[in-house]
Structure formats: structure tokens, C-alpha cells
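Starting from the known structure of chain A, arrange chain B on it as the hints suggest.
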Amino acid sequence: MVIRLAAVGDVHLDEDVVGRFRPALEELPECADVLLLAGDLTRHGTEAEARCVAEEFGGLAVPVVTVLGNHDHQCDQVPQVVKVLEDAGITVLEGNGVVLDCAGGRLGIAGVKGFGGGFAGRCASDFGEPEMKAFVRTTTDSADRLGAALRSLDCDMLVALTHYSPVPDTLVGEPLEIYPFLGSYQLGQAIDSAPTALAVHGHAHAGTERGTTPGGVRVRNVAHPVIKQAYSVFHVGDQLDTDQVSPIGQSGSQRSWS
Amino acid sequence: MTDRDIGADPPDEYVEAEIQRLLVEDPAVAEQGITVVRRERALVLYGEVESPHRREEILRRVSERFPDVPITSDIGVIGAQAPTEIEQLP
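Heads up: the sequence lines are chains A and B, in that order. Per this note's numbering, the first sequence starts with residue 36, numbered consecutively. Per this note's numbering, the second sequence starts with residue 131, numbered consecutively.
The following block holds chain A by itself, in its conformation from the complex:
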């Protein structure tokens, strides 16, 4: 069973960049069964910017599944943004999941924006001022909803989609001081509570691509400034040609479809 995923995050669309991704997106059916968008689709989260996203990522030959990012919340127009995306056929996840029938099996995707808070031993605690408690509870609630969504899906392969990072590994390159604003260990804990095959996130523009959760789930940071291409492609499964499997330390194998 092999399921083919394409993913990118932090595309920050507005009128000035509409059309840049489209030529590469037209090639998607050759290499992927689904496209995952890891949030920050827009610059300020306006309905007008969402229409740019719909134009760029709507009407593709593969299903598109997304979570929102912090930028998509900036103008408090989340319901309008979600409606524009859904009208374009894009599935928007927030504390829920979807199962897609792919050639290689049933792919379950659970998604949540997530939130900051930091990582084990260096994280915020649910203690003190109401503002701090609200901050940490936002993180915990988000992670709890991700875990519940992951555990609820009946599928052959499970993928977690977030905007914020579930691990510090993929933040390497970012200043240590801002790690608590880039992700939280509770997201990793949620991912490890289910038989997740892959976790995909964005948000950390100066981070790195690869990491793993404490439970051994592979994590990929697909923020556009990190991958520096229209999207990354992952072929996940247990029937892969071993000659094609990229060894640890290399960036990948040459694509076989070109």
C-alpha cells in the first residue's frame, strides 16, 4: 500500500502572487493523491485573500485538504474565509478529520491549527494569571481535539495536519527564544496517541524539514520558505521499492515520473 501526498504551508496568498503556484499544481495528479495545505494560506485572513487561495488551489485534479494558520485569523473573518475555501471544494479541518479513498487505500487526515506553548521542560503552564491560563488551555484544547480526531478515523493510513509544530526538531534554525510561539509538545502527544504515519506542519519559516515525535512518528515542516518549491511530495507505505527509499540524511530520491 502506497499513498502519495503533496504538501505545502505558509503560501500567504494575495493578488500579487496568484498564478505562481498553478503551473506546478497542474502536475499534481502525476505524483500525488491529495494536496495538504498546512495553514497561513493568506496574509491577513480576509475574504478577498481567501478568494485568491480559492483561485490558486481550487479546481485541481486531486482533493485539497487544509487547516488555517494564525495569519488566516488576523482580520477575524474566519467564517467567511472557510466558506470561500469550501465553496472552491477545499476541505477545511479544525478538530475533525476526513477519509479519502486513494488508489493505495483509505487515507485518514485529522487536522487542527494548533497553538504555541513550547516543548517538554521549557513550556508554559496552566497557572497564574487568567491570560496565561487561557493561553495554555487554548493549546491543550487544540491538542485534545487533534488527538480525538486522529483516534476517530477508520482508515488504512493516518496523517496529522497542523499549522503549529508538534516537535522542536523541525524548528532548528529559528531563534530558541521563540520556540514557545511556534508549537507545543501537546500536539506531538496527540499525534502519538494514534497510529499516525506522518505529521505535517508549517509556521516555522526558518525551521528545517525533518523531525520525529517522541513516539517515533515522522514530522515534516512544509512551510514554503523551508521547502522552497511549490510543494513537497511524500510516498508513504510499506510496499515501496527499497532502491527508491531515501536514506536518512539525504533530501529525497529523484522523482520517478519525470
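The hints are simulated quantities; they were obtained by calculation from the structure and are not laboratory data. Be aware that one or more of the hints could be misleading.
[Said to hold, decoys possible] Straight line, CA to CA, 25 Å or less: simulated DMTMM-like cross-link-like pairs of lysine to aspartate or glutamate: (1) A/K263 - B/E194; (2) A/K263 - B/D204; (3) A/K118 - A/E61; (4) A/K118 - A/D176; (5) A/K168 - A/D111; (6) A/K263 - B/E186; (7) A/K118 - A/E129; (8) A/K118 - A/E82; (9) A/K118 - A/D51; (10) A/K263 - B/E215; (11) A/K118 - A/D49; (12) A/K263 - A/E61.
Owing to the predicted nature of the structure, the values given are computational and were not obtained by experimental measurement.
For chain B alone, coordinates are given in the frame of chain A:
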């Protein structure tokens, strides 16, 4: 920039902080991925954006707000070509 300009009005930590916040909070910029680094002779802006227009806008807004601060830009525009590799995950 002449030698006399250097140190006449040195960029300090508060200016650095203000520029960092301007890059995020100014609606015309809204970039969280730009790093401001204080060097001896100037503040250097590093990072990558989605279009040349956004790069120009960053420089315009920062220069407008801090006309006396020497600014150097090393901001790139991110490519959007199709990938040439796949990662196979058993």
C-alpha cells in the same frame, strides 16, 4: 554612508525591536519570517517573501518609519516550481 555616519545614531535594541514588530504588525507587510540582525554598520533584514513587490514594500515601510537607520536587505523571493524529488517513507 560615510565613516562619520557610523555610530552617529547607532541602531539600538529598541529600534531593532520596533522594526521587528513593524514587519509583523504593519498591514502592508505582515511578515513574521523576516529576521532583523544588528551589525556594526547597519541593521540587516534576512528572510524570504512570496513576491518582489513584498520585498520592496518591506524596505519602503522600514525606511519611511526609520529614515536615519542604515538598513541592508538580504531578502529573497521563494521559488514556486514543481519538485524534482520525492521522499519515500516506508
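Legend entry - Distance restraint between A/K118 and A/D176, which requires alpha-carbon spacing of 25 Å or less: Status holds; Cα separation ~24 Å.
Inset, instruction - With a cut-off of 25 Å on the C-alpha distance, tell me whether A/K263 and B/E194 pass. - result: violated, 30 Å
Legend entry - A/K168 paired with A/D111 [C-alpha distance capped at 25 Å]: Holds: A/K168 and A/D111 sit about 22 Å apart, inside 25 Å.
Inset, instruction - Please work out if A/K118 and A/E129 have their alpha carbons no farther apart than 25 Å. - result: holds, 14 Å
Legend entry - Pair hint outcome, A/K263 versus B/E186 [Cα-Cα no greater than 25 Å]: holds, 20 Å
Inset, instruction - Take the C-alpha atoms of A/K118 and A/E61, compute the straight-line distance between them, and say whether it is at most 25 Å. - result: holds, 24 Å
Inset, instruction - With a cut-off of 25 Å on the C-alpha distance, tell me whether A/K263 and B/D204 pass. - result: holds, 16 Å
Legend entry - Restraint status (C-alpha distance of A/K263 to A/E61 at most 25 Å): Since the Cα atoms of A/K263 and A/E61 sit roughly 18 Å apart, the hinted pair holds (cutoff 25 Å).
Legend entry - Pair hint A/K118 and A/D51, alpha-carbon separation not exceeding 25 Å: holds, 22 Å
Legend entry - Pair hint outcome, A/K118 versus A/D49 [Cα-Cα no greater than 25 Å]: Given pair A/K118, A/D49 holds - Cα atoms ~17 Å apart, limit 25 Å.
Inset, instruction - Given the hint that A/K118 pairs with A/E82, test it: the Cα-Cα distance must not exceed 25 Å. - result: Satisfied, since the Cα-Cα distance of roughly 9 Å is no more than 25 Å.
Inset, instruction - Decide if the proposed pair is consistent with the structure: A/K263 and B/E215, CA atoms, cutoff 25 Å inclusive. - result: It holds: about 12 Å lies between the C-alpha atoms, which stays within 25 Å.
The structure is inconsistent with hint 1 alone, although it conforms to all the rest.
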